[in-house]
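> Spelled out from the first residue to the last, the chains are:
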Amino acid sequence: SQQGEEDPQALSIQEGENATMNCSYKTSINNLQWYRQNSGRGLVHLILIRSNEREKHSGRLRVTLDTSKKSSSLLITASRAADTASYFCATGRTGGGADGLTFGKGTHLIIQP
Amino acid sequence: ETGVTQTPRHLVMGMTNKKSLKCEQHLGHNAMYWYKQSAKKPLELMFVYSLEERVENNSVPSRFSPECPNSSHLFLHLHTLQPEDSALYLCASSQVGGRGETQYFGPGTRLLVL
Numbered sequence: 001s002q003q004g005e006e007d008p009q010a011l012s013i014q015e016g017e018n019a020t021m022n023c024s025y026k027t028s029i030n031n032l033q034w035y036r037q038n039s040g041r042g043l044v045h046l047i048l049i050r051s052n053e054r055e056k057h058s059g060r061l062r063v064t065l066d067t068s069k070k071s072s073s074l075l076i077t078a079s080r081a082a083d084t085a086s087y088f089c090a091t092g093r094t095g096g097g098a099d100g101l102t103f104g105k106g107t108h109l110i111i112q113p
Numbered sequence: 114e115t116g117v118t119q120t121p122r123h124l125v126m127g128m129t130n131k132k133s134l135k136c137e138q139h140l141g142h143n144a145m146y147w148y149k150q151s152a153k154k155p156l157e158l159m160f161v162y163s164l165e166e167r168v169e170n171n172s173v174p175s176r177f178s179p180e181c182p183n184s185s186h187l188f189l190h191l192h193t194l195q196p197e198d199s200a201l202y203l204c205a206s207s208q209v210g211g212r213g214e215t216q217y218f219g220p221g222t223r224l225l226v227l
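In order, the protein sequence lines correspond to chains D and X. Numbering follows the working numbering, in which position 46 of the first sequence is assigned residue number 46; successive positions increment by one, without gaps. With positions in the second sequence counted from 1, the corresponding number in the working numbering is that position plus 113.
Derived by calculation from the structure, the hints in this document are not laboratory data. We put the beta carbon where it would ideally sit given N, CA and C, even for glycine. There may be inaccurate statements among the hints.
What the hints assert, rightly or not - Each pair of labels, with its calculated beta carbon distance range: (1) X:183 <-> D:28: 25 to 35 Å; (2) X:129 <-> D:64: 44 to 54 Å; (3) X:135 <-> D:40: 36 to 46 Å; (4) X:127 <-> D:53: 45 to 55 Å.
Claimed, not checked - Each computed DSSO-like pair below joins lysine-lysine, with the alpha-carbon atoms no more than 30 Å apart: (5) D:26 <-> X:154; (6) D:69 <-> X:153; (7) X:131 <-> D:56; (8) D:105 <-> X:135; (9) D:69 <-> D:105; (10) X:154 <-> D:69; (11) D:105 <-> D:56; (12) D:105 <-> D:70; (13) X:153 <-> X:135; (14) X:153 <-> D:105; (15) D:56 <-> D:69; (16) D:70 <-> D:26; (17) D:26 <-> D:56; (18) X:153 <-> X:131; (19) X:131 <-> X:154; (20) D:70 <-> X:154; (21) X:153 <-> D:26; (22) D:70 <-> X:131; (23) X:154 <-> D:105; (24) D:105 <-> X:132; (25) X:132 <-> X:153.
Said to hold, decoys possible - To spell it out: a stretch of chain D is covered by chain X in this simulated footprint if at least three of its residues, at any positions, have a beta carbon under 8 Å from a beta carbon of chain X; those stretches are: (26) 42 to 55; (27) 65 to 75; (28) 99 to 113.
Can you make the complete structure from the sequences, with help from the hints?
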């Protein structure tokens, strides 16, 4: 069964606005990660949050994790045209081991100039 | 550039062909992964190698055969594929141990099976 599901599937906003994407998962996790993918290319790691953390920041990115609700959100503040991409959440079962990630279908974000 | 390269970037093959995808990581990592990304489906984990040993095979058909000759290289050998195997194949690497859960992805090989 699919582990991560992002919501919404597509999001279009004006440049400068904030973008919020959500992710839900089903099983217990060690960590949750967000990745970005531009036009069917490779994925770029954005941020990782561990199961014992509730919030994490990195530049214009803010991630929250609610393990009781099995959900996470990614906030991109002051969006730019270059943020146009697909964003995926991925869950890891173990910490530090060789752990295949389980991905959601992604949110396609379009930033209108 | 993430430090993970994949060749070829694009591949068209017939169902009777045999081809191989190559992945190389320049990050000193000791775990490598193959993922498949099909249209309108989530990325699917195919194989996991840790310290050059296969530690996970995610119910992948035998027409896909991975090989990890050393910690820097990973291959995916393809034979008698089906049109539904057309997809973007992504390789990733990570460092086992410590807090190395972050995976670094290559640009992918776009495969079309005719």
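> Please flag the earlier hints that this structure goes against, numbers listed from lowest up.
3, 7, 22, 27
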